[in-house]
Amino acid sequence: MNDFAKVPGYVSTTEAYGETTVVVERGRIREACTFARDELGFAMLSDLVATDYLDWAGKGVSGYIGTTAGRDLNMPMTQGLQALPEAKPARFSLSYHLLALRQGAPRLRLQCWLEDGDTVDSVVSVWPAADWLEREQFDLMGIRFDGHPNLARLLMDDDWEGHPLRKDYPLGGEPVRFSSAE
Amino acid sequence: MEPWWISLIKAAIIVNLVMVAFAYLTWLERKGLGRLQNRYGPNRAGPFGLLQPIADLVKLVRKEAFSPSSAIEIPYILAPVISMFTALAAFSVIPWGSGWKIYHWQVTGEVVNVPISLLLIFALGSIGIYGFIIGGWASESKFSLLGSMRTCAQLVSYEVSLALSVLGVVILGRSLSLVDIVHRQGVTLPFVIPQFFGLLVFFFAGIAETSRAPFDLPEAEQELVAGYHTEYSGMRWGLFQTAEYINLITLSGLMVTLFFSGWHGPWNLGPIWFVLKLLGVLFAFIWLRATLPRLRYDQLMRFGWKVLLPVATLNALVTAIIVAAT
Amino acid sequence: MTATLPHVGRARRWPMVGDPIYEGSRIPKRVPTIVDVPAALRETDDVLQVNFGPNHPSTHGVLRLIVDLDGEKVVGLSAVIGYLHTGFEKNMEQKTWWKAITYPERIDYVGYQNNELVFVLAIEKLLELEVPEKATWMRMLMCELNRIHSHLVFLGTSALELGAISMFWYCFRERETILDLFELVAGQRMHTRYFQAGGLAEDIPAGFYPEARSFVERMPHALDDYLTLLDRNKIWLERTQGVGLLSADDAIALGQSGPVLRASGVDWDLRRDDPYLAYDQVDFRVPVYNGGDVYDRYRVRMDEMAESTQIVRQCIDRLERMEGEPWIADDRKVVLPPREELHTSMESLIHHFKIVTEGYRVPAGEIYVAIESPRGESGCYVVSDGGPRPWRVHFRAPSFAALQATATCAQGSLIADLIAIVGSLDAVMGDTDR
Numbered sequence: 000m001n002d003f004a005k006v007p008g009y010v011s012t013t014e015a016y017g018e019t020t021v022v023v024e025r026g027r028i029r030e031a032c033t034f035a036r037d038e039l040g041f042a043m044l045s046d047l048v049a050t051d052y053l054d055w056a057g058k059g060v061s062g063y064i065g066t067t068a069g070r071d072l073n074m075p076m077t078q079g080l081q082a083l084p085e086a087k088p089a090r091f092s093l094s095y096h097l098l099a100l101r102q103g104a105p106r107l108r109l110q111c112w113l114e115d116g117d118t119v120d121s122v123v124s125v126w127p128a129a130d131w132l133e134r135e136q137f138d139l140m141g142i143r144f145d146g147h148p149n150l151a152r153l154l155m156d157d158d159w160e161g162h163p164l165r166k167d168y169p170l171g172g173e174p175v176r177f178s179s180a181e
Numbered sequence: 000m001e002p003w004w005i006s007l008i009k010a011a012i013i014v015n016l017v018m019v020a021f022a023y024l025t026w027l028e029r030k031g032l033g034r035l036q037n038r039y040g041p042n043r044a045g046p047f048g049l050l051q052p053i054a055d056l057v058k059l060v061r062k063e064a065f066s067p068s069s070a071i072e073i074p075y076i077l078a079p080v081i082s083m084f085t086a087l088a089a090f091s092v093i094p095w096g097s098g099w100k101i102y103h104w105q106v107t108g109e110v111v112n113v114p115i116s117l118l119l120i121f122a123l124g125s126i127g128i129y130g131f132i133i134g135g136w137a138s139e140s141k142f143s144l145l146g147s148m149r150t151c152a153q154l155v156s157y158e159v160s161l162a163l164s165v166l167g168v169v170i171l172g173r174s175l176s177l178v179d180i181v182h183r184q185g186v187t188l189p190f191v192i193p194q195f196f197g198l199l200v201f202f203f204a205g206i207a208e209t210s211r212a213p214f215d216l217p218e219a220e221q222e223l224v225a226g227y228h229t230e231y232s233g234m235r236w237g238l239f240q241t242a243e244y245i246n247l248i249t250l251s252g253l254m255v256t257l258f259f260s261g262w263h264g265p266w267n268l269g270p271i272w273f274v275l276k277l278l279g280v281l282f283a284f285i286w287l288r289a290t291l292p293r294l295r296y297d298q299l300m301r302f303g304w305k306v307l308l309p310v311a312t313l314n315a316l317v318t319a320i321i322v323a324a325t
Numbered sequence: 000m001t002a003t004l005p006h007v008g009r010a011r012r013w014p015m016v017g018d019p020i021y022e023g024s025r026i027p028k029r030v031p032t033i034v035d036v037p038a039a040l041r042e043t044d045d046v047l048q049v050n051f052g053p054n055h056p057s058t059h060g061v062l063r064l065i066v067d068l069d070g071e072k073v074v075g076l077s078a079v080i081g082y083l084h085t086g087f088e089k090n091m092e093q094k095t096w097w098k099a100i101t102y103p104e105r106i107d108y109v110g111y112q113n114n115e116l117v118f119v120l121a122i123e124k125l126l127e128l129e130v131p132e133k134a135t136w137m138r139m140l141m142c143e144l145n146r147i148h149s150h151l152v153f154l155g156t157s158a159l160e161l162g163a164i165s166m167f168w169y170c171f172r173e174r175e176t177i178l179d180l181f182e183l184v185a186g187q188r189m190h191t192r193y194f195q196a197g198g199l200a201e202d203i204p205a206g207f208y209p210e211a212r213s214f215v216e217r218m219p220h221a222l223d224d225y226l227t228l229l230d231r232n233k234i235w236l237e238r239t240q241g242v243g244l245l246s247a248d249d250a251i252a253l254g255q256s257g258p259v260l261r262a263s264g265v266d267w268d269l270r271r272d273d274p275y276l277a278y279d280q281v282d283f284r285v286p287v288y289n290g291g292d293v294y295d296r297y298r299v300r301m302d303e304m305a306e307s308t309q310i311v312r313q314c315i316d317r318l319e320r321m322e323g324e325p326w327i328a329d330d331r332k333v334v335l336p337p338r339e340e341l342h343t344s345m346e347s348l349i350h351h352f353k354i355v356t357e358g359y360r361v362p363a364g365e366i367y368v369a370i371e372s373p374r375g376e377s378g379c380y381v382v383s384d385g386g387p388r389p390w391r392v393h394f395r396a397p398s399f400a401a402l403q404a405t406a407t408c409a410q411g412s413l414i415a416d417l418i419a420i421v422g423s424l425d426a427v428m429g430d431t432d433r
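Residue numbers (numbering that gives the first Met the number 0), protein chains in the order written: chain B, 0 to 181; chain V, 0 to 325; chain W, 0 to 433.
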């Protein structure tokens, strides 16, 4: 069907809005990245994003604030979706946005899916640029990268609890660090 | 010889004049920089912002002088005092007039006329460096320490060129006394003409000695925050600042004395000529600050040892040979 | 008109298949953001560890560099970021699409128009919305003005950091004119929020073109002034040339983009190579330098300012002929109806109410849009679930990428060089930390 079938761990290809998304197996992401860099010529890692799809296409609630019972006329912005989006294969998606520095600026999105607690191979050895990108996703999304040389929090405090960009991270309220009882 | 109490009165007057000159030098610098940079400079306190230095002084005096808890106390407090003292003392030998007859006392145009006044100025300047070094070291901060290391290295290296650059003047003036040198220039001609290279070396080394841009590495704000006085605040910081500016005034005064024939000038205006020439030199310093980027540490050292020192030495040698030959 | 673009600089050299990509690399080790102190040196007592930042006069905000010094020499370095993390991405998930447009500007608070544009473009792509030509050209004009603005801030601050204090004021003089133009158009000097999904928030005000034109006339002279002050200055050249080296391969491996990449000899500009807006219809050159040092990064930005001025001129020429054309798409489901219709039309009132309270819905999907912001490739990854709020927004921040190169550039430099290098990478901490 396409050039990407040869990518190690190839699962599927989708085209949308002029973009190519190649889904690969989680365990073979480093091989796939090396292949994309060396064979397909995607020399640059533009971006690395993790997305939390917790409660995606849940009970007709848009976003995730609101009642799990669905439409609540007394709450703004809880009107159900007009069409339910397609269900996702796992909770987290991890997208590697690659760029080839050649005519037409072709881009490729390598994507893999993982559940909470799954780990994925680090690609720092493929692109050094992945160092901070992976640390950021670890910090904010809680995805662990195997073989990352220095997987520490990047943006949040070192002793921060939780991963703020997850959908189940509490939105309001903040733990009181110094209460009068202490 | 004048009675001792006249010297004392003159000393008091000079100290106060120099302090006022310092205050208005900061005003002049801020105003001048402002104009060179498309802005107004201070213009709120008084007409043309003329009360700004006084407001600054009041602010500094009233400000709490913090000291880091780990600072070594006695040298930390003493350091600004040393710098301030030497800076003020150095001005005492610079002549600013020909002398006047008031009532029946002959009053000279300088506080004291020391036969080796040139050496005295350099000696006081060298002691003043201790203030900067001790201050940076005693504040127990890494930035201060780096700043005082830089100060130390820079001032010591440039001191050599500075001293050598005036050798030509000393040879031509046949004296180490500034009063004699000025008289000599009145008789012959300003030494800027025969000693032009000496002047250049003196000027560059002088910028470095007073740590002004582009040689302001000891307190390079963008690298070392504020160098050796990072941990100083309130009037202690004010003393350092004062010492620096007074050093600048002294150095400019020295330059006027050595190369631009001091208070000599048409119509025998005495101190007025001295002040005008001083202002001219000070403006050159301010102008440079507005224009030039800062040198890097290694470039600074290279310039001091590989350019200034040979030029100063050559200049002294050539002058000596010519004077000996004629 | 499709212009042929004369390429500046040497011939293209892409890493080809099988090329040894990391040959001659200066990337310190597996963690590219850290330089380690050599063991032999660590054992001596000469190494002084200094914290540069987060509160330091020249760390562009709150960058923290932990620097090991041997005398004046930098022997160890690690960059720490995150002091300005404000959770923009999380916040945007709570806002309706059209309210979220205000956030990207505050991420990169120097290149705000460009960041706003990239988010708006992402929404429009998901909505498959046609944008009127006038809006496209006006966006381009604003973005190029913003690019000049951003480079002026770079030039002013980095010259200030090297001690050329007056440059700061001269640069801000021209920057002020640009800000006045923004104020004229949008009512705000910074963070204009002038781009709406579908076009512009307001029509271009009367009197804008003459003002913009007089700026375009003035800018080349201002650039000459800057060049005279800096480029003929021996001290400036000595401070910047050969400092902070970054090879082309390293730049690509470290994900550099924009002026940093072009200063390392890679001829790459998204405006030309992946045109968005109407960049394929304007004439401009892409400056490329090969030195990979601080000086070349400065030169690239200087040249870009000149080129951007030309683009602005072409935009004005084009826009002046579009008087009276629509400036926003005619799609009542997305675009607010004109104010006067609210008093006469029930449908308009309903649309207005719906858009303001609930917000418009964006079809489900994911998209990554990248544009050439003043700092390089600014990307925006957006996931929509079909509701009125974004499901996930992520920004590919060029400053974030640029700061990863700090350690590589700063190997074997002096403290003073370090300041020059951080300045030349032109990172905006809001962009880095988001």
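No lab work stands behind these hints, which were simulated from the structure alone. In this text the structure is predicted, and so the values were computed from the model without any measurement. Be careful, since some hints might not be right.
[As the list claims (entries may be wrong)] For lysine-lysine, the following DSSO-like pairs were computed, each having C-alpha atoms within a straight-line distance of at most 30 Å:
| id | chain 1 | residue 1 | chain 2 | residue 2 |
| --- | --- | --- | --- | --- |
| 1 | B | K166 | W | K124 |
| 2 | W | K94 | B | K87 |
| 3 | W | K72 | W | K94 |
| 4 | W | K89 | V | K141 |
| 5 | W | K233 | B | K166 |
| 6 | W | K353 | W | K28 |
| 7 | V | K58 | V | K100 |
| 8 | W | K72 | V | K305 |
| 9 | V | K141 | V | K62 |
| 10 | W | K353 | B | K166 |
| 11 | V | K141 | V | K9 |
| 12 | W | K233 | V | K30 |
| 13 | W | K332 | W | K28 |
| 14 | W | K353 | W | K124 |
| 15 | W | K124 | B | K87 |
| 16 | W | K28 | W | K72 |
| 17 | V | K141 | V | K100 |
| 18 | B | K166 | W | K28 |
| 19 | B | K166 | W | K72 |
| 20 | W | K124 | W | K94 |
| 21 | B | K5 | B | K87 |
| 22 | W | K72 | B | K87 |
| 23 | B | K87 | W | K233 |
| 24 | W | K98 | W | K72 |
| 25 | B | K166 | B | K87 |
| 26 | W | K124 | W | K332 |
| 27 | W | K72 | W | K353 |
| 28 | W | K89 | W | K233 |
| 29 | W | K94 | B | K5 |
| 30 | W | K28 | B | K87 |
| 31 | W | K28 | V | K141 |
| 32 | V | K58 | V | K141 |
| 33 | V | K305 | W | K233 |
The hints, checked one at a time:
Between B/K166 and W/K124 the CA atoms are separated by roughly 25 Å; this keeps the pair inside 30 Å, and the hint holds. For the suggested pair W/K94 and B/K87, the alpha carbons sit about 23 Å apart, so the restraint of at most 30 Å is met. Pair hint W/K72 plus W/K94 does not hold up; C-alpha atoms about 48 Å apart against a cutoff of 30 Å. Proximity of W/K89 to V/K141 is assessed by CA-CA distance (about 39 Å); at most 30 Å being required, the pair is judged violated.
For the hint pairing W/K233 with B/K166, the CA-to-CA distance comes to about 56 Å; that exceeds 30 Å, so the pair is violated. Proximity of W/K353 to W/K28 is assessed by CA-CA distance (about 54 Å); at most 30 Å being required, the pair is judged violated. With a CA separation close to 41 Å, the supplied pair V/K58 and V/K100 exceeds the 30 Å bound. Restraint check for W/K72 and V/K305: satisfied, since their Cα atoms lie roughly 21 Å apart, inside the 30 Å limit.
A C-alpha spacing of about 24 Å is found between V/K141 and V/K62, which places the hinted pair at or below 30 Å, so the restraint holds. For a cut-off of 30 Å, the pair hint linking W/K353 to B/K166 stands: about 26 Å separates their Cα positions. For the hint pairing V/K141 with V/K9, the CA-to-CA distance comes to about 42 Å; that exceeds 30 Å, so the pair is violated. As the CA atoms of W/K233 and V/K30 are separated by approximately 27 Å, the hinted pair is consistent with the 30 Å bound.
About 53 Å separates the Cα atoms of W/K332 and W/K28, which puts this hinted pair outside 30 Å; it is violated. Of the supplied pair hints, the one linking W/K353 and W/K124 holds, its CA atoms being roughly 22 Å apart against a limit of 30 Å. Proposed proximity of W/K124 and B/K87 is supported: the alpha carbons are some 22 Å apart, at most 30 Å. Proximity of W/K28 to W/K72 is assessed by CA-CA distance (about 19 Å); at most 30 Å being required, the pair is judged to hold.
Using a Cα cut-off of 30 Å, the hinted pair V/K141 and V/K100 is violated, with the two alpha carbons roughly 55 Å apart. At roughly 35 Å between alpha-carbon atoms, B/K166 and W/K28 are farther apart than 30 Å, so this suggested pair is violated. As the CA atoms of B/K166 and W/K72 are separated by approximately 46 Å, the hinted pair breaks the 30 Å bound. Between W/K124 and W/K94 the CA atoms are separated by roughly 19 Å; this keeps the pair inside 30 Å, and the hint holds.
Taken as a hint, the B/K5 and B/K87 pair is honoured in the structure, with Cα atoms around 24 Å apart against an allowance of 30 Å. Restraint check for W/K72 and B/K87: not satisfied, since their Cα atoms lie roughly 53 Å apart, outside the 30 Å limit. Taking the CA atoms of B/K87 and W/K233, the gap is about 61 Å. The hint is violated against a cut of 30 Å. Distance restraint check for W/K98 and W/K72: the Cα-Cα separation of roughly 48 Å exceeds the 30 Å cut-off, and the hinted pair is therefore not satisfied.
Restraint check: the Cα-Cα separation between B/K166 and B/K87 comes to about 15 Å, which is no more than 30 Å; the hinted pair holds. As the CA atoms of W/K124 and W/K332 are separated by approximately 15 Å, the hinted pair is consistent with the 30 Å bound. Proposed proximity of W/K72 and W/K353 is contradicted: the alpha carbons are some 62 Å apart, above 30 Å. As the CA atoms of W/K89 and W/K233 are separated by approximately 48 Å, the hinted pair breaks the 30 Å bound.
Restraint check for W/K94 and B/K5: the C-alpha separation of about 41 Å exceeds 30 Å, so the hint is violated. Only pairs whose Cα atoms come within 30 Å are accepted, and W/K28 paired with B/K87 is rejected, the gap being roughly 38 Å. For the proposed pair W/K28 and V/K141, the alpha carbon gap of about 28 Å is at most 30 Å, so the pair holds. Distance check on the hinted pair: V/K58 and V/K141 sit about 27 Å apart at the alpha-carbon level, within 30 Å; holds.
Straight-line distance between C-alpha atoms of V/K305 and W/K233 comes to about 17 Å, which keeps the hinted pair within the 30 Å bound.
When each numbered hint is compared with the structure, violations occur for hints 3, 4, 5, 6, 7, 11, 13, 17, 18, 19, 22, 23, 24, 27, 28, 29 and 30.
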